[in-house]
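K.L.:
The residues making up each chain are set out below.
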Amino acid sequence: MARKNRNPVGKNVDPEAQKKKTRTLTLKSSDGQEFSISESAAVLSIAIENMVEDDCAGGVIPLPLVDGGTLARVITYLNKHAEDGASDEEKRKFDEEFVSGMEMGVLFDVVLAANYLDIRGLLREVRRRIADRMKNKSVEWVRKTFHIESDFTPEEEEQMKKEFAWAWEGVDSDVDD
Amino acid sequence: MDRGRKRSCAATADRISNLPCNVVDHILTNLPLRDAVRTSVLSSEWRYKWVTVPYLSFDWTSKANLSGKHNIESVIYQVLILHRGPIIKFKLNVVDLEPSPAIGHWLRFLSNHRLEELILQFSSYLSHKPVPNDLYTLDHLRHLYLVRAQLKSPLAFKGFSRLVRLDLENVYTPYGEFKQFISKCPLLEYLNVYSNSLVPDLEIDAPKLKLFHFSGLFISICFKNTPVLDEISITLNDTTKQAAAQDSGYKLIKFFGPVSSSVKRLKVNGNFLQFLGGAGRVPQKLPQSLRHLTVLQLSDINFILTVEVACSLCLIRSSQNLQILEVTSRTTRNNDEEAAAQFLKAQQNCELTFSRLENVKINDLSGSEPEMEFLKLLLSAATALMKLEVMSKYACAIEEESKILKELVRFRRASIKAEIIFQDRAHNI
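Protein sequences appear in the order of chains A and B. Going by our numbering, the residue at position 158 of the first sequence is 381; the numbering climbs one at a time, nothing skipped. Going by our numbering, the residue at position 361 of the second sequence is 654; the numbering climbs one at a time, nothing skipped.
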């Protein structure tokens, strides 16, 4: 399978890049809200970049799978990462704070949006945050937090736990952090 | 921002199970292996989700993590047998781990999975056993990190044609092996070697090498074919292992010759300078200047030893584009300060200028005469100096510090912009 390997945006050279900074696009969420965003920030999403390139945008880009609240968050992220002069260190700090306050439901909204819009950096950050929340937690905690319903009988579950007994060593008490 | 945001109507729905596969895969990849394995009992849908994680990390460094009742070998066999799909990264860092036939089996298995990154951290300090030869069949490897083992490639080893990064920590290499091994990794860009045991022959033939860090002991060192090497850091732990240098000064020239047009950042310690300088006369300048060198760090310099001072000066003089210099002193004051101080005084007449040097930092200054002469020389020759930071030695007496400071402010400065920052340590105890 050929892997898509586009240049990360923002590395483009000159006049075109300058134009992107000044040109604005309008993104329309599933619930009809419209957001203005500079093209240079918007195209950090590979999906949006493709739409712009294919010129199927016509000014307003509809994003039927992203609701307004989530889109607002995503745009905050994109703007920060397209900001001139923001150092890598600054961006890293921003990323950390950006995801650390999010509730699990919001993390899921954002991870879905980032996946759909193909925003690699954001996707990476949110996935890591979700994994961090799951680390060292008991099966019961994960089921409760993620509303996963078990369809195993207690006997089946016991059998599987025995099979992987080593994976059950040293599980913390389920303090949510 | 959140105007009109819909309340998440699915607050109670099982959302994680419905995430796209690639997202779930990545979440599982970010989890420690045992957490990933535990997800198998969440529900039948989750039963086999973990078996495709491409990173397998067995990281059990303390007994607390894995009690004795589990046999680590069978755990690893179990995971490998159940695993499906590519394995990109494999890490083994387990308490009391030694090279064994089982590890050979796993490596062979991984080689069929086109493994790209391998971390093997063995724990035996005593017997550096060779890694099983199956290691050398991993021909998709891009990064190898080996701790406490022996590297001894078989004659038929064709090389790691894709290896970009190699980290060796306390890895024993028999004579000839290091040179041989490196020359069979044509794409190598990063090479880190930390060793308590002796690496006999550090001969480096690596046309793509960008970075070389070494800390440990060797008998000889040379760069054979390293046209793009721009960062070098060498810490020699001891000076007794090397043969007494008769070819004084020559080693210095021979060592820097092959990297003179590529090196941008250089860090060396006093022991290594002693090794390079030998017993005799050190040249004022290298015949081939280090014209791209911008950052020079000299660590653990004993200013009492003229050879270390002379080599330091030779490097600074040979680097006309040097911008940042950081020196850490390891000087204990005694009665032998005279020779090095005289040497430095004699340099004052050599009409030196360091026209690009902007930042200088001197750490752990003891206030000895040669250290002060060195500072005097720098201040009088660095015409573009912006900042000189001086930090006295830990436990330096207050009277001593004020003496250093008084002397320091009297030195002539070639740069009118130079700011001197003196950080005292004595009062913080």
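No wet-lab data here; the hints were simulated from the structure. The reader is advised that the hints may include incorrect statements.
With a Cα cut of at most 27 Å, we get these calculated DSS-like pairs of lysine-lysine [said to hold, decoys possible]:
hint, chain 1, residue 1, chain 2, residue 2
1, A, K384, B, K382
2, B, K557, B, K501
3, B, K501, A, K367
4, B, K696, B, K710
5, A, K384, B, K342
6, A, K358, B, K501
K.L.:
Determine for every hint whether it applies to the structure shown.
P.N.:
Taking the hints in turn, this is what the structure says about them:
{"no.": "1", "hint": "K384(A) x K382(B)", "result": "26 Å, holds"}
{"no.": "2", "hint": "K557(B) x K501(B)", "result": "15 Å, holds"}
{"no.": "3", "hint": "K501(B) x K367(A)", "result": "52 Å, violated"}
{"no.": "4", "hint": "K696(B) x K710(B)", "result": "24 Å, holds"}
{"no.": "5", "hint": "K384(A) x K342(B)", "result": "16 Å, holds"}
{"no.": "6", "hint": "K358(A) x K501(B)", "result": "39 Å, violated"}
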